[in-house]
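Q: What follows is the residue order along each chain.
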Amino acid sequence: MGYIVNVDVGGTFTDFYVGKDNQSITTKTPTTHYDLSVGFLRGLEECASKEEITLENFLKDTEVIKYCTTLGTNTLLELSGPRLGLITTRGFEDTIFIGRGRQWADGLPLADIQDITNIDKPIPLIPRRLVVGVNERIDYKGAIITPLKKEEVLDKISYLVDNGVRGFVVSLLWSFVNPAHERQIKDIIEEVFPEVYLGNMPVILSSDISPKEGEYTRTMTAVVNAYIHQGFAEQMSYLCAELMDKGYTKPIMMVDNLGGCSKLSRTKVARTHGGGPVSGLSGAATLCRQIGMPNVAFTDVGGTSYDVGVVAEGAVSYYDLYPTIGRWRTQLTTMQVTSIGAGGGSIAWINTLLGNRLEVGPKSAGSLPGPACYDLGGEEPSVSDADCVLGYLNPDYFNAGKMRLNKEKALAVMRKISDKLTWDEVTTALMIKRVIDAKMGQEVFKEIALKGYEPSEFIYMACGGAGATHCCGIANRAEMANIIIPPSASVSGAYGAYTLDILHTYEMSRHIRMFDYATGTFLTDYDSFNSVVRELQDQATKDIVLEGFSGKDAVYKLELEMRYGRQWRYTSVESPLLMIKSEKEVRRVCDRFTEEFSKLYGAEAAYPEGGIEVETLRLMVTLKLPHTSPVKFPLEATAPPKDSFKGQREAFWEKLNAFKPTDLYQWELLKPGNTIRGPAIIEAEGTTAVIEPDWTFKIDEYLNGIVTMKVKE
Amino acid sequence: MPGGIDPTISLRLHPEPPTPEELENMKDIDPTEAGIFLHKLYTITSEGNEILIKLGASTGCRWGDTAAAIYTASGDSSVCAAGLYFHSVLGSTDVKYIMKHWFNEPSVGVKPGDAFFANTPFYRGTHPPDMAIYSPVFFKGKLVCWIGAIVHSGECGACEPGGMPSGSRSMYDEGIQIPPMKIAENYVLKEDIVNYMNHVTRDPRAMTLDIKARMACLRVVEKRLMPVIEKVSPEYVIGALRYIIQATGDAVRKRIGGWNDGTFSSSQFVDAVGILPRLMKASCTLEKKDEHLYFNFDGTSPEVLDRVANSPGVGVIGVNAVYLLGHLFHDIPHNSGVFEPMSFKMPVGSMANASRESPKAGCAYVHEACSLVVQNILNQLIYATNPDRVECPGNRGFDTTSYGGINQYGDPFADAGAEMNGIGFGARSNRDGVNVAGAYFAPMTSEPGEIESLESGLPFLYLYRGFHKDSCGHGMYRGGVGMDYAIQIHDSSVISIGSWGFGSLITNSEGLFGGYGVPALPYISIHDNNLKEMQQNSDDKIPGSARELYESGAIKGEYRWRGYPAVADPAKEGDLIAGGTGGGGAYGDPLNRDSLAIMKDIEEGVISHWVARNVYKIVYDEKALEVDEEKTRKLRDKERADRKKRGQKYPDFEKGWLKKKPSEEVLEFYGDWPIKKYETFDYFGPWPGVKKIHKGEPVGAGT
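Chains as they are written, first to last, in the working numbering: chain A, 1 to 713; chain B, 1 to 703.
A portion of the hints provided could be inaccurate.
Capping the alpha-carbon separation at 25 angstroms, the derived lysine to any residue pairs in SDA-like fashion look like this [what the hints assert, rightly or not]:
(1) K532/B - G142/A
(2) K141/A - G574/B
(3) K111/B - A603/A
(4) K599/A - N186/B
(5) K254/B - I350/A
(6) K623/B - R613/B
(7) K190/B - T594/A
(8) K451/A - P109/A
(9) K150/A - S552/B
(10) K363/A - K407/A
(11) K141/A - G457/B
(12) K660/A - K710/A
(13) K141/A - Q536/B
(14) K156/A - S538/B
(15) K655/A - S233/B
(16) K649/B - K661/B
(17) K27/B - I350/A
(18) K156/A - Q536/B
(19) K254/B - E359/A
(20) K231/B - S456/A
(21) K572/B - G142/A
(22) K600/B - D155/A
(23) K223/B - A449/A
(24) K60/A - M1/A
(25) K141/A - A449/A
(26) K231/B - Y453/A
(27) K111/B - D28/B
(28) K142/B - P20/B
(29) K572/B - D539/B
(30) K254/B - N118/A
Hints are computed from structural coordinates only; laboratory data are not their basis.
The whole structure should be built from the sequences, with the hints applied where relevant.
A: In structure tokens, the structure reads:
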């Protein structure tokens with residue numbers, strides 16, 4: 001088997017994880033925003049060079065490239081997408097500007113949302129003058145109340161074309177129940193302006209992109225997709241051409257935000273947003289299943305971000321039903337990875353209003369200038385500066401020595417606030433660590449608790465370049481006594497991609513009353529349910545063939561968004577059945593919902609006698625790709641080999657309330673079974689693991705770092 | 001008063017004096033450690049609030065009209081996660097009631113696993129749909145704190161559906177109004193109580209789900225708190241909850257200390273008393289001295305004993321938490337401590353401090369008017385030192401529909417229109433207000449919903465919903481606009497629909513420094529109309545906005561010009577209801593508005609050409625939207641000169657102005673003209689020269 005190349009293009013670094021025959025290569029290169037192919041090819045060259053072969057030979061021996069990217073987000077930030085026209089139902093032209101009212105809050109951190117005086121809505125992707133309404137109306141049943149008139153559509157299209165639009169989005173009320181009018185408009189556009197004259201001007205129908213209830217989120221899903229599609233396609237096609245020039249002829253698989261991947265040609269661009277963090281989460285699930293750890297709090301901490309995801313009972317099954325892309329709320333369901341902080345760049349400051357309380361964040365030093373110790377112009381004390389002052393980070397071996405840290409600068413910025421607090425620099429640094437560890441740990445706790453689980457039953461997985469540095473403090477506050485640091489921690493998104501199968505997801509909203517509270521009867525019109533499943537299956541069949549598989553390779557999973565009668569919000573439930581054929585089976589679905597609901601919120605909260613409804617059906621189709629099982633290495637001596645010992649460095653430990661000469665180790669030289677008691681510092685190429693007193697670090701049979709808290713006597 | 005009817009509880013909104021135990025336990029608390037602990041408690045309430053929102057059924061749950069809160073053992077709000085801050089703060093008085101009346105009452109008592117339901121306006125000060133459940137948290141037999149879950153439920157069994165009957169003539173028309181009453185014991189919900197509530201309200205399923213949502217919230221908050229208490233000790237928790245309140249008070253005090261001393265006053269008018277077009281006035285004078293604010297509501301109109309125009313004083317004060325905690329003090333903890341450096345003098349028998357038996361269903365109108373006055377005053381106060389925080393009010397009309405009946409599936413329903421959550425916010429001192437930003441009272445979470453989600457459960461077919469053109473105040477920086485909407489009754493003929501709010505006759509939200517207030521709001525219904533026929537024929541005259549509806553007259557039928565508020569009337573299939581929400585006030589003279597910004601407003605459908613020409617006084621090509629800057633400058637200069645000509649010397653103006661007086665009919669409930677003066681007051685917080693006889697319990701009326 002050849003190389004499986006997995007790439008995660010992040011805001012600062014592009015991460016690589018290459019697998020072949022149970023061996024792996026990892027590397028990181030700076031992301032080259034001006035031309036992503038430069039950083040990408042540079043990374044591939046580094047991987048080839050680690051294998052001591054040429055890039056051409058490396059690519060020749062590559063089976064597949066899986067690619068996670070945030071490419072589209074920049075188009076939204078820079079407002080550099082094409083000029084689009086929106087055709088919608090007359091009387092509702094302002095829907096995307098109203099944006100469910102609180103559009104101003106979408107995509108903002110809590111502290112900004114709480115400052116109501118300074119709220120503002122984002123600049124729209126389509127200006128109001130390029131939004132037209134057509135006189136038509138469909139109701140909740142799909143009945144046509146006001147028929148569409150072709151002449152009016154022609155007038156509106158002419159207006160938009162005259163105003164220079166380069167693509168159309170069509171989003172009409174209730175089109176997800178009855179798409180007839182949307183399709184009619186598309187036919188009219190294609191009839192009057194054939195493709196040969198319009199070039200590649202696309203017509204995007206909201207009912208095709210996301211046939212789900214909610215006209216704002218459905219429209220924005222279509223708009224965002226259309227807005228970033230063109231630039232994305234151009235960049236990806238350029239990248240493919242570069243790879244072909246170097247001799248690569250196999251497919252590129254795009255990693256999506258539901259924990260799967262698909263061929264570039266079968267990918268909706270909006271599906272790629274957030275693919276990296278979700279990929280990391282999926283990888284965490286796979287890894288922990290393989291080694292028998294079913295419950296995991298996956299965290300990925302970088303210089304500017306702190307993301308959390310939950311693996312429970314071996315699966316990733318928590319969704320964001322309305323994910324925000326940039327500042328835009330959409331409705332293509334994604335796996336839930338929550339941003340809870342700003343990572344190592346979080347800035348510390350003194351809140352004089354609240355009795356000189358030391359606060360950390362939410363402001364961040366960002367990647368540029370970054371923390372003061374980066375010596376790139378940062379002037380505010382940050383978490384990374386505190387880590388530098390406390391002796392946790394090695395100024396000479398940051399990012400495997402590719403970057404030097406300036407400890408003097410870190411000390412200087414500590415003094416900026418320590419003077420006001422009557423603390424010394426070290427105490428200030430220690431308090432910064434205490435605050436960030438506590439807040440992040442408490443947020444992680446909440447994320448688990450919200451899913452109905454006990455955080456203490458979870459293992460804390462520390463990924464990202466900065467994840468392992470604070471793992472003990474954060475896990476402690478999250479009330480978790482065990483930590484896992486995978487060997488691929490610093491490239492978790494790329495590693496996760498390695499574990500992914502092909503996944504296609506199809507969703508459709510339909511109001512189906514499974515149990516009617518008034519009559520006390522269960523659904524008898526089974527076809528109202530089954531017909532939707534069949535429609536989703538038909539869509540899936542096309543994709544399965546185009547992915548180069550046959551139907552028998554597909555593994556189906558049906559999920560339902562359900563609620564009790566009169567509730568507004570949904571609870572996701574995996575259906576025990578694909579199709580329903582009897583009342584008994586309807587009852588099984590209802591029972592499954594109440595069981596899941598009770599587990600999440602308590603039996604007292606369940607209310608089946610109030611009626612049970614399905615609102616959205618989600619069919620997930622997985623096509624398995626070949627994967628290798630992790631290699632289990634024999635355990636060796638508990639004492640680390642001598643060559644892994646790098647000496648000692650003074651580091652400050654809260655429990656000892658003092659600096660202590662602390663043992664340093666090189667991770668890559670440790671062997672399975674090696675055990676190191678804290679305090680200790682273990683430096684790896686992509687991260688630094690700080691093992692606090694009362695914690696013990698051990699390399700397991702799979703080369704993971706397992707950190708365990710000493711059991712209190 | 002008989003039984004447990006207690007007129008003193010609602011006077012205890014301010015934090016209680018710290019108990020000796022609290023003082024002892026808070027003396028060594030470090031500010032940074034307290035910050036960490038507060039964050040922990042916040043994550044707990046946040047988890048509770050998310051559950052509340054997710055499990056509930058009323059639109060209040062959807063729009064985040066909720067709070068999950070932790071109170072001290074003596075009842076002060078200390079920590080909350082909320083869409084609506086005043087829910088948390090005003091829960092204090094309910095908890096204080098329980099502590100005073102039930103804690104030592106053998107027939108009731110307070111034990112682990114108990115929960116108390118409450119929704120009477122008499123104690124918490126807001127309307128009956130605001131329903132709360134509170135639970136005590138004990139640790140090894142000791143009461144450590146209280147927790148609360150509050151949601152605006154859509155229906156309370158009043159004489160009209162939706163919780164706020166505009167035509168109410170008595171508090172006994174206003175549905176269930178329950179003082180703190182045990183609804184769960186030993187962690188089990190009392191089904192007989194829930195059953196009772198289901199029997200006396202129109203939407204039993206929503207009522208039950210909302211109660212279950214509150215209970216689920218409380219259960220999880222208690223579950224999370226218990227190990228925290230065990231870990232840090234109950235003493236630390238007791239001390240920290242009080243410390244947080246005191247630190248909040250200190251922070252507010254410190255910020256106030258940075259503002260200039262002075263005396264400031266303002267008034268706000270309400271154009272409806274019940275459903276009658278009558279004038280009421282909210283009046284307030286603020287004296288700011290050192291680090292304390294003294295608000296005096298003398299001059300406010302008297303209560304009306306048989307119309308919905310009244311509020312308890314505690315509600316008038318408590319709702320200011322929205323502006324204070326969401327705007328001026330957004331960066332400090334959100335709890336009762338914000339009121340520590342503030343005192344309120346409330347005239348007894350005024351609409352802002354009404355007696356128990358007067359109808360309170362419309363207390364929200366009084367709250368809006370009085371909180372507008374407070375915001376206006378504070379804007380004046382902070383302008384010299386913090387102009388960047390000066391902000392015109394968002395629309396405060398509280399205008400929306402209320403309805404009930406049988407929906408398209410044959411299910412009963414009753415609730416209030418989500419459009420209330422689509423008001424325009426006010427202009428800032430440096431930029432425009434936000435169009436359709438949310439609800440004033442719950443800006444962080446409120447949403448007017450999506451049409452499809454509304455139509456999926458309600459027998460409605462929206463004809464249009466968009467920016468409500470010209471609904472903002474106009475100025476150098478304009479307010480954000482609200483929404484216009486029209487709803488056709490669809491697939492049901494068993495429905496009654498009315499409206500809440502005010503501001504259909506005169507402005508309900510003013511501008512600042514020459515900026516205009518907002519226009520009056522229309523609300524009409526058109527019965528027995530030809531709309532269905534027009535729809536079947538795809539008639540291109542079907543209105544796509546309020547302006548088109550009113551100007552074209554294309555829809556034929558029986559027009560009823562109703563306004564906000566209106567009694568819920570029967571409607572049938574095909575009838576059309578058309579209304580709008582208002583915009584925010586404007587900042588600065590419209591003649592100083594940038595002409596390009598005006599062109600953009602026109603292009604975005606926010607203002608009309610008429611307004612551009614007549615209010616902003618600009619000259620431009622209406623088709624190309626190109627401004628003739630030179631002609632505009634001249635026109636504006638002329639207008640400025642004309643203003644001077646129209647102007648009067650102040651004494652002359654005052655002399656003429658004081659002779660003006662509305663008709664006696666309009667002033668029917670206004671009180672003495674021009675200003676009603678009172679002799680007896682209730683005091684909330686310390687007031688110079690006023691004694692208190694009990695710690696934390698002011699004497700009350702006439703002190």
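Q: If you test the structure against every hint from before, which numbers come out violated?
A: The structure breaks hints 25 and 27; every other hint is satisfied.
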